[in-house]
Structures are given as structure tokens and as C-alpha cells.
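Those sequence lines, one after another, are chains A and B.
Residues 1 to 395 (this note's numbering) are what the first sequence spells out, left to right.
Residues 396 to 620 (this note's numbering) are what the second sequence spells out, left to right.
Please keep in mind that the hints were generated in silico from the structure rather than gathered at the bench.
Among the hints, a few may not be true.
Per the computed footprint, the stretches of chain B lying under chain A, defined by three or more beta-carbons under 8 angstroms from a beta-carbon of chain A, are [said to hold, decoys possible]:
1. 431-439
2. 448-462
3. 467-476
4. 496-510
No farther apart than 25 angstroms at their CA atoms in a straight line, the calculated lysine-lysine pairs in the BS3-like style are these [what the hints assert, rightly or not]:
5. Lys-293(A) to Lys-481(B)
6. Lys-293(A) to Lys-183(A)
7. Lys-183(A) to Lys-146(A)
8. Lys-481(B) to Lys-385(A)
9. Lys-293(A) to Lys-15(A)
10. Lys-169(A) to Lys-207(A)
The beta-carbon is built from N, C-alpha and C at its ideal position, and this holds for glycine as well.
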Amino acid sequence: MTRLLSFSVKNIKRKPTRTAILVFAIGLLVSALVFSLSFVQRVNGSIRKASERLGADLIVVPTGARGATEEILLENKTKSFYMDRSIMDRVAAINGVAAVTEQVYLVTLATLCCSVPEAMVVAYNQDTDFIVGPWLIEKLKRKLKKGEAVAGSESSFNIRLGLVDVDSKLFGSMFKIVGTMDKTGTGLDNAVFITTDNLNDIIKSGKVTVKPGQISLVFVKVNPGVNPATVAAEVENTIIDADAMARKDIGKNIIATLKDMSRIFTMTIILAAIMSFFLVWAIFTAIANERAKEVGIMRSIGAKESHIMNLYLAEVVVIGVLGSVLGILFGSFLSVVLAKGFTIVKQLSTDLSMTERSLIALASFVGGMLICVLGALGPIQRLKKLEPLTVIKAE
Amino acid sequence: MGQIVLTNVSKEYAVGSESLAAVRGASADIAKGEFVSIVGHSGSGKTTLLSLIGGMVNPTQGNILFNGENIYTWTSDQLSEYRCEKIGFMFQSASLLPILTAKENLLLPVAFRSVQPSNGMDARAEELLRAVGLGDKINAYPAQLSGGQQRRVAIARAFMNGPELILADEPTGDLDEETEAEMMDFFLRMNEQQGTTFMMVTHNTDLAARAKTRLRMHQGVLAKA
Ligand SMILES: Nc1ncnc2c1ncn2[C@@H]1O[C@H](COP(=O)(O)OP(=O)(O)OP(=O)(O)O)[C@@H](O)[C@H]1O
Ligand SMILES: [Mg+2]
Numbered sequence: 001m002t003r004l005l006s007f008s009v010k011n012i013k014r015k016p017t018r019t020a021i022l023v024f025a026i027g028l029l030v031s032a033l034v035f036s037l038s039f040v041q042r043v044n045g046s047i048r049k050a051s052e053r054l055g056a057d058l059i060v061v062p063t064g065a066r067g068a069t070e071e072i073l074l075e076n077k078t079k080s081f082y083m084d085r086s087i088m089d090r091v092a093a094i095n096g097v098a099a100v101t102e103q104v105y106l107v108t109l110a111t112l113c114c115s116v117p118e119a120m121v122v123a124y125n126q127d128t129d130f131i132v133g134p135w136l137i138e139k140l141k142r143k144l145k146k147g148e149a150v151a152g153s154e155s156s157f158n159i160r161l162g163l164v165d166v167d168s169k170l171f172g173s174m175f176k177i178v179g180t181m182d183k184t185g186t187g188l189d190n191a192v193f194i195t196t197d198n199l200n201d202i203i204k205s206g207k208v209t210v211k212p213g214q215i216s217l218v219f220v221k222v223n224p225g226v227n228p229a230t231v232a233a234e235v236e237n238t239i240i241d242a243d244a245m246a247r248k249d250i251g252k253n254i255i256a257t258l259k260d261m262s263r264i265f266t267m268t269i270i271l272a273a274i275m276s277f278f279l280v281w282a283i284f285t286a287i288a289n290e291r292a293k294e295v296g297i298m299r300s301i302g303a304k305e306s307h308i309m310n311l312y313l314a315e316v317v318v319i320g321v322l323g324s325v326l327g328i329l330f331g332s333f334l335s336v337v338l339a340k341g342f343t344i345v346k347q348l349s350t351d352l353s354m355t356e357r358s359l360i361a362l363a364s365f366v367g368g369m370l371i372c373v374l375g376a377l378g379p380i381q382r383l384k385k386l387e388p389l390t391v392i393k394a395e
Numbered sequence: 396m397g398q399i400v401l402t403n404v405s406k407e408y409a410v411g412s413e414s415l416a417a418v419r420g421a422s423a424d425i426a427k428g429e430f431v432s433i434v435g436h437s438g439s440g441k442t443t444l445l446s447l448i449g450g451m452v453n454p455t456q457g458n459i460l461f462n463g464e465n466i467y468t469w470t471s472d473q474l475s476e477y478r479c480e481k482i483g484f485m486f487q488s489a490s491l492l493p494i495l496t497a498k499e500n501l502l503l504p505v506a507f508r509s510v511q512p513s514n515g516m517d518a519r520a521e522e523l524l525r526a527v528g529l530g531d532k533i534n535a536y537p538a539q540l541s542g543g544q545q546r547r548v549a550i551a552r553a554f555m556n557g558p559e560l561i562l563a564d565e566p567t568g569d570l571d572e573e574t575e576a577e578m579m580d581f582f583l584r585m586n587e588q589q590g591t592t593f594m595m596v597t598h599n600t601d602l603a604a605r606a607k608t609r610l611r612m613h614q615g616v617l618a619k620a
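Put together the whole structure using the sequences plus the hints.
In C-alpha cells form, the structure reads like this:
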């Protein structure tokens, strides 16, 4: 068998250009697989993780601000929107609601107000909060005081300064950055957090659009056994000024967009797979024609059909392995480098784990090998069925 | 009963709508260790006859027994094993694989054996190549060999698996007289020392005369010469 294998390797080296084209084609197919699987997996995974980390069953936002909320939570865009504080009290009164807490989102504008580039500032209510606190526990181990701020793990305050306990000017007031947040996997990793005690001073400065008595959104926890969707429906029915979304619905819009993208990816991959299949088929048909006489000779001197099969399958497998490995390397490179060109990916906060990457590589490898073997199977089948006599007659 | 027994073997080829009888009612009984020469005009059916015995063409009619077994009742794999381990075929035309060296060409039939011999095959290949006068061409590729040298590699290859029967189709066709005589000596030596049965097609009447049993094909009919 080792002898036959070395014969396969010699066969592969016969036409280096043709082998290279085949390896390249399989490589392209596999890299496309790796890239699109990584892309879809990464976006999907980020959304799932972000909503898991959120710690609320329901989010109530001003009517029409759902999209903006998702952009803040999942894509770390800077957005602001406001509604009246009384909405929170009405939500709290709904049956099945266990706890509510509000957040106010402010957007810094570099030149106007603050000493940092455009960023989100999140004011949260420390008395009722159940969202931000858990992210802070490890880092700070105490409550925030007025005039203090905490930077998200990815925020420009953090990145720019690289250290804490630095004064920063926000909307005309000086804040002492006393710590950084754990990484949450949500878009809020790029924000700066202050408490709602500071809001009065900030509003007085006139540098923000929020008015007294306004909040951006309300996070809601429901009682055990209560279906968040029911509460969400109740909120939407009774409070015209507010929209509600259950946690599992967060990212629905993005996932819908993603589904369309996945469909495009899938179609591209199917087309690429069909083309690769036919390329393998065409090349192995040519190989079968070229080597018909050799196969006849081998059959005449005692090769079984299985020997011919193994000989040529080994050739396909070597080509498939080469192509798939190259494809995995190139595809991983693309998914790291090229992905930066996609806004949606650039703004995601979580990356793929090693296990996820390995699984994607494995799946792509199997895909590449399958196309290779299936494409070559027909021509090889025909080759192994050749009558041994053919050779004796062929001069 | 002999090693090879042909009973009324015929082979017809379909040519268009007509059928052409390449071998007509051939019968023969060849004992183990016999040296048989076959002569006959071009197109008389010699190659067809050897192919039939080698299990490469199905007869239209008749039986071919090898050691008492009807070879055309065998499966494809059994026929392959028969070609691999029981017989050595020397083809009329060049039959080496171009991407393998002389020695690798000799080792190829070994790779097809159902049970791989443990070792010593490399040495055997080299020894056989030396026996046909190609000791200095062991690692040469067919393209680097003359026609006669290629022919001798194919001769050596036929002996690689220690066959019981050699089917040789004009094995010395493009050799000079001296080399041809050497090859014939080699065949006779193998025939005597190993007891290998030979069926050799040749146009050379001198060579044919050196065989113990002499047959002649004429328009598909096999007869004593
Ligand atoms: N595959 C085939 N299809 C049709 N006819 C064939 C085929 N093979 C051989 N024949 C015919 O069978 C007859 C015998 O052919 P064969 O090759 O056995 O002759 P031969 O005695 O070996 O001739 P030569 O000495 O020229 O090699 C010829 O008339 C040939 O045309
Ligand atoms: Mg002939």
C-alpha cells in the first residue's frame, strides 16, 4: 500500500500546474466556507451573548427606538432618545413586574462639551440598578459617588489613557474615572458610566438635549414563572409612548439582516461548490482519459479494481487535503482581516473562541474533501472498470 | 491433466454488424513446465489466444482450465489475483508505466499481491534487471531507455511474482539477434530451473525451433507446427 501511495504522489507531480489549479480552487471554496461560517457564527454568537449578559427580561424604550436600542446594545453605536420618567412607574405597576430600573443615555460630542471623542455616557440609577452593578462587582467593590465615572472595558477613555483615576470633562463637569468595567460583550463596553445623581448638573450645563424628568429606557425583571412576552404585550397595549422588547427578541432585526446575508453566503458557497465539483470532475475525466492505457497495463499485470480505486482516491485525497488546509489558513486570515471592512463585525464586541474556530475549520475541511472526492468519483469508477485488454491492443 | 487445458475455445469479435472469428475451436493440453512456441501470420489470432489464457478476454465458446479450474467462472478479483500471482504476461507492445523507474515498474505487480511479501523484493527486482542485462539501468525511466531495453524491463517484470506460467507475446520482437538469443537462454533457464511453463509467440523460426512443443496459428485455428 505504501508503494501505491508513493505512486499516487508521483502521479500528482506529473502536471504541477493542473494540480496547483485544483488545489487553488478547493482552497478558494474552503476559504469562502471558513469566512462565511466565521462571520455568521460570530454575529450570531455576539448577539446571543449580549442578550444573556443583559440581566433584564424586558426592555421598555420610547416608541420607535427599538432599532436604536439594539444598535447601542449590540453594535456600540452612539444614540440618544428620551421618554418621560412616569412611564417607568406605569411599567412598574403592571402585573408580573418584579423590578424596574432606568438608564439615561447621553452622547458626547468632542468639540462641544467634553475632553473625549464621541462616546456614549450611561447614567444609571444606583438605588434600583440590577444591570450595571453585576459588571462592576469585581472591579470596584463599592458604590459610585457623585462626580465619579467608570469606563467600559473597551471605551476610549480606557484605551486612550490606559490607566484609571484620571479626571475627564464630561458636559462641563469634571469626572474622576475610578475604574473600568468587566467585559460584558455588549455594546456598552464602549460607554462611560455615571450615576443619575449627576444628571441635574449636566442638564444645567445646557450641553445635552435631555430634559429634567426624562429617561432613555427602563430595564424590567419579571416575577418567576411570568412570561416576559405577556408583560411586553401588556406594556405595548397600555402605554402608547413605549415599545417593549423581550430579551430573546433583542437583536431580531440584526438577525433578520444576518439571515439575508447568510442566504447570500450560502448561495455563493453552493455555486462555488458546484463549480469546484465540475472542475474536479473535468480534471479527473482528463486524467482518466490520459491514463486509460496505464490502468489497462496495471489491470493486466494483476491490479484489482480496488487497487485502481485506491490509487486514484489517494491522489484526490492528497489534493483535497492540500486545498482544504490552504483554504482554512486563507479563510481564517480573511475572517480576521477582511471582516474589519464589515461595520457589523467591526462593532461586535465578542470574538470567536478557539473551539468555535476549530469547529469551523473542521466543517470546512470536511466540505472541501467531500467536493473533491465526489467530483472525482465518477471518472475513477469508469477508470477502474476498464478492460485490461485495452492496453494490449493500443500501440 | 495439464496445467492449461483449452477445449474448443472460440473468440469472435463484433466488427460493426459482422462478427470476426479471431480464434476458432482451439484445443490444447499443456503440461506444467512445458515450453511452447506459437508461430503464425499476422492477424492469425495469436495475441487473442494468449489474452484468453491470461483471463483478459472472455471466450465466445469453450472452456479454459488452469490447474483444473475454469478461469471464466472466476470473479473479477480472482482473475486479477490469477494475473498477478500465477501468470507473467509479456505484451507485444510497450507496457511500462512512464513515471516509474525500471525497478519501480518491477515492484508494481508486487504491490498488487493480496499478501505482501515481507521483504527482499527490492533485491529481487535488481537481480532480475541484472539477469536481463540492465544492471546499470535500475533507476532509469522508460523514456531514458531504448526500445529493446524497455522490452527487457517488461520481460523482467513478468518474473517478479514468481509465476507458474509465462505468456509471452513476441517478447523479443525488437531485440538484436544476440540479445534475442540471450533472452531465449534466460527463458530456457527459468523453464528448467523453476519449472515455469512458457507459451511464447514468435516470428523467429529459429527460436520457435528451440521449444519442446511447437504450435501454429492459421486463420484462428490452432494446430501442431
Ligand atoms: N478488439 C478487437 N476487435 C475486433 N477485432 C479484433 C480485436 N482484436 C483483434 N481483432 C482481430 O482478430 C484477429 C486476430 O488478432 P490478433 O491480435 O490475435 O492477431 P495476431 O496473431 O496477434 O497478429 P500479429 O502477429 O499481427 O500480432 C485480427 O483479424 C484482428 O483484426
Ligand atoms: Mg499479436
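Right, here's what the structure says about each hint:
no.	hint	verdict
1	431-439	violated (count 0)
2	448-462	holds (count 3)
3	467-476	holds (count 4)
4	496-510	holds (count 8)
5	Lys-293(A) to Lys-481(B)	holds (23 angstroms)
6	Lys-293(A) to Lys-183(A)	violated (66 angstroms)
7	Lys-183(A) to Lys-146(A)	holds (23 angstroms)
8	Lys-481(B) to Lys-385(A)	holds (22 angstroms)
9	Lys-293(A) to Lys-15(A)	holds (17 angstroms)
10	Lys-169(A) to Lys-207(A)	holds (12 angstroms)
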